[in-house]
Structures are given as C-alpha cells and as structure tokens.
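> Quick note, the sequences are listed as chains A and B, same order. The working numbering applies: residue 1 is where the first sequence begins, and numbers increase by one. The working numbering applies: residue 1 is where the second sequence begins, and numbers increase by one.
Just so you know, these hints were derived from the structure itself, not from any lab. Heads up, the beta-carbon is just placed ideally off N, CA and C, and yes, glycines get one too. Each hint should be verified, as a subset may be incorrect.
Stated by the list, open to error - FRET-style restraints, in silico, Cβ to Cβ:
no. : chain 1 : residue 1 : chain 2 : residue 2 : range
1   : A       : Y36       : B       : W37       : 43 to 49 Å
2   : B       : A69       : A       : A43       : 24 to 30 Å
3   : B       : R64       : A       : F57       : 22 to 28 Å
4   : A       : L47       : B       : A61       : 38 to 44 Å
5   : B       : A128      : A       : G121      : 37 to 43 Å
6   : A       : L117      : B       : G144      : 47 to 53 Å
7   : B       : W37       : A       : G147      : 24 to 30 Å
8   : A       : G147      : B       : Y121      : 35 to 41 Å
9   : B       : Y115      : A       : L88       : 33 to 39 Å
10  : B       : L135      : A       : R42       : 28 to 34 Å
11  : A       : L117      : B       : A128      : 51 to 57 Å
To be verified - Residues from chain A that keep clear of chain B, each with C-beta distances beyond 10 Å, as calculated:
no. : residue
12  : N32
13  : Y36
14  : G37
15  : R42
16  : A46
17  : F53
18  : D64
19  : H67
20  : F71
21  : A72
22  : G76
23  : A79
24  : G114
25  : F141
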Amino acid sequence: MTTVERSLPRLLQTPPSPSSKRAPRGRRGRSNGELYGWIFMRASGALLVVLIFGHLFINLMTGDGIHGVDFAFVGGKWADPFWQWWDLVMLWLAIAHGTNGMRTVINDYTSRAGTRLAFKGALYLLAFIIVALGTLVIFTFDPCPPGVAADLLPAICTA
Amino acid sequence: MTDMATPQGKDTARAKPLTRLTGKLPGSLYRGGEGMWSWLLHRITAVAVFLFLLLHIADTATIRISPEAYNAVMGTYKNPVMGIGEATLVAAVVLHALNGIRLILVDSWTKGPKYQKVMLYVVIGLFAVIMAGFLPVHLRHVFGGH
Ligand code: HEM
Ligand code: HEM
C-alpha cells in the first residue's frame, strides 16, 4: 500500500474501516498483511513512547546526564532484570517498528523491482544482525568482569 | 517521478479542478500546507532516528569488549559538538513520537479527523514544553563544569 492509500481515511476525514486497508482488487495477490502492519505501527508506537522517553529521561536527565554514562552506570542498570527486559523490549519494538516504517519509505522512493528488492534485502539483513547483536549484549553482559580496576565497576561489585 | 515520491502523488491532477471549484478542499492533508510539512517532518525524523538506532546498538555493543573500550566510545559522546547532536536527536524523537500519537488519534478516534489540525498545534505546544524542560538540564551537563 502506498502512503497516499494509507492516508486516504485521513484525506476523506472518515475513520478507517479495516476493509479500506485492504489492497484494492486487481492488485497482484496482496493480502491483509498491510492492515496488520498498519496496526502494528500504531501499537508499537504507543509502547515506544513510554520505553524511549523513560530511557532518555534516566540516561540524560538524572544524575550527571550524559557525563554519567559509562561502564559502571550501565553495569548498575543491567545487573537488574527490570532494565534488561526494558531494554530488550525497547530494542525489539524499535527495530521492528523502524524496519517496517523503512519498508514503506523504500516502497515510496523505488520504482524498479530490482532496486526495491535490493534495498529491502539489505534492510532486513541489517535489522536481523542488529537485533541479534543487541539481544546477545544484554544477556551475556557481566557487570563485574574479573581483573578490572574497581573504580571502573558498578558499586554492586565491591559490596 | 516514482509512484509516490511526494505526498500529493499522482492524484494532484485530478484534484486541481476540484480545488479551483471549492477554493480549498476540506481537510486537504498532504496537498501542501501544514499537512504536508508534518508528513515530511514525520518521515525525516523517522529515518534519522532509525539510522541513529543502528549506530547506537553498535556503540553499546562495545561494552562486551571491555569497560575501557566502552568508556572510550562513550567519551566521544561527551564533547560539546556531540552534545548538540544529542539534543537534536532528542528533538527528533520527541517530535516523531508526539506526531505519531496524533496520527494514531486521527485514525482511531472518531473525532480525530475533525481535530487533526488542532492536535498539530497541541503537538507543537507539547514539543516546546518538553524541550524547554530538557534543554537546560542537558546543556548544563554538556557545557557546565567537568
Ligand atoms: C543521546 C541519547 C541516548 C543515550 C545517551 C543513550 C544511552 C544508552 C545507554 C547508556 C545504553 C546502555 C543500557 C541502558 O542504559 O539502558 C543504551 C541502550 C539502548 N538504547 Fe539508548 N541512548 C540514547 C538514545 C536512544 C534512543 C533514541 C533509542 C531508541 C530509538 C535508544 C535505544 C536503546 C536500546 C534499544 C538499547 C539496548 C541496546 C542493546 O540491546 O544492546 N537509545 N542507550
Ligand atoms: C517514540 C514513539 C513512536 C511513535 C508514537 C511512533 C509512531 C509512528 C506512527 C503512528 C507511524 C505511522 C505513520 C503512518 O502510517 O503514516 C510511524 C512511522 C514510522 N516510524 Fe515511528 N513512532 C515512534 C518511534 C519510532 C522510532 C524509535 C523509530 C526508528 C527506529 C521510528 C521509525 C519510523 C519509521 C521509519 C516510520 C515510517 C515513516 C513514513 O512512512 O514516512 N519510529 N511512527
């Protein structure tokens, strides 16, 4: 579905009905996929507001702000499963939402099928690598690695 | 031009005579004016935040190399130039988020379409309030002391 089609309910000032999200008849084998994508963008967006605003507030507004962000700071957060899961959900939702959104952007600016496929392939590959990397980092993280000067480590390591 | 490279898209030609008749299409989002600008801003902020996020996961991953490596990478985020960059990033995220909520309301709240323009002013107002709260604190961290 194109940007204009997606915004048709807004253009006509009527609330969208699920049927209006369906690809028009005659389009080659399109399904309700775009409808679910449309719903997902809204549901994930609503959750991301809380997750990202919370992330930015804790990391930039509290304590020394950006100057307080170092290994000890992150170690203190990720020693707590609450922040591990917060970051994991934020990572997955932000990448899924962003990737689905970028798919729309690519659809809008590419006209040749080959170019479109190449951009989308690169996008999905990148998204997969980033999600795998980010997930691995959160759950293999050791807040108190051995042989590191104590002043680089979070307070919990010496307690 | 490709398929849908502009928000007006290919139906501008059809819309023109109508516009001439009525002067202005009611609720003519995406035909220039504030509707088009908010659409463009939503898209630009979206792509910028997405690109930052890719970089951000990579810089965070250096924490698995060693504490020293991570602290060195984070050190590059603490100079004034990057400080301005962080403020710009936060502005982009806040704008995209607030306008995103507006889009959700326009589509799912029965009165949404009626108030879409009012809500755009609410978005701008909330954006100003949030940035007024954020900027002094952040800029003090970036430029003050240390
Ligand atoms: C200048 C602004 C930002 C700073 C200083 C910052 C800082 C950090 C830090 C220190 C961490 C490590 C763990 C933690 O503190 O929770 C982290 C992780 C993370 N941040 Fe941010 N962040 C910023 C903006 C953002 C934005 C805008 C997003 C979303 C679009 C985001 C998404 C994430 C994610 C998903 C993780 C988890 C990374 C992983 O799984 O390895 N951050 N960030
Ligand atoms: C913070 C909360 C967020 C909210 C409420 C939100 C909301 C939305 C909504 C409702 C849309 C759909 C617009 C439409 O269908 O016309 C959208 C599109 C998009 N979003 Fe978000 N979003 C948020 C965060 C993010 C983040 C963190 C990223 C990047 C990782 C992102 C990237 C995108 C992209 C690339 C699009 C497609 C833009 C376009 O088609 O022009 N968003 N967002």
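> A separate judgement is required for each hint: does it hold in the structure or not?
Verification of the supplied hints:
no. : hint                          : in the structure
1   : Y36/A <-> W37/B: 43 to 49 Å   : 29 Å, violated
2   : A69/B <-> A43/A: 24 to 30 Å   : 37 Å, violated
3   : R64/B <-> F57/A: 22 to 28 Å   : 25 Å, holds
4   : L47/A <-> A61/B: 38 to 44 Å   : 24 Å, violated
5   : A128/B <-> G121/A: 37 to 43 Å : 41 Å, holds
6   : L117/A <-> G144/B: 47 to 53 Å : 50 Å, holds
7   : W37/B <-> G147/A: 24 to 30 Å  : 55 Å, violated
8   : G147/A <-> Y121/B: 35 to 41 Å : 57 Å, violated
9   : Y115/B <-> L88/A: 33 to 39 Å  : 36 Å, holds
10  : L135/B <-> R42/A: 28 to 34 Å  : 29 Å, holds
11  : L117/A <-> A128/B: 51 to 57 Å : 42 Å, violated
12  : N32                           : 17 Å, holds
13  : Y36                           : 15 Å, holds
14  : G37                           : 13 Å, holds
15  : R42                           : 5 Å, violated
16  : A46                           : 7 Å, violated
17  : F53                           : 7 Å, violated
18  : D64                           : 6 Å, violated
19  : H67                           : 5 Å, violated
20  : F71                           : 4 Å, violated
21  : A72                           : 8 Å, violated
22  : G76                           : 13 Å, holds
23  : A79                           : 13 Å, holds
24  : G114                          : 14 Å, holds
25  : F141                          : 7 Å, violated
Hint compliance for this structure: hints 1, 2, 4, 7, 8, 11, 15, 16, 17, 18, 19, 20, 21, 25 are broken, all remaining hints hold.
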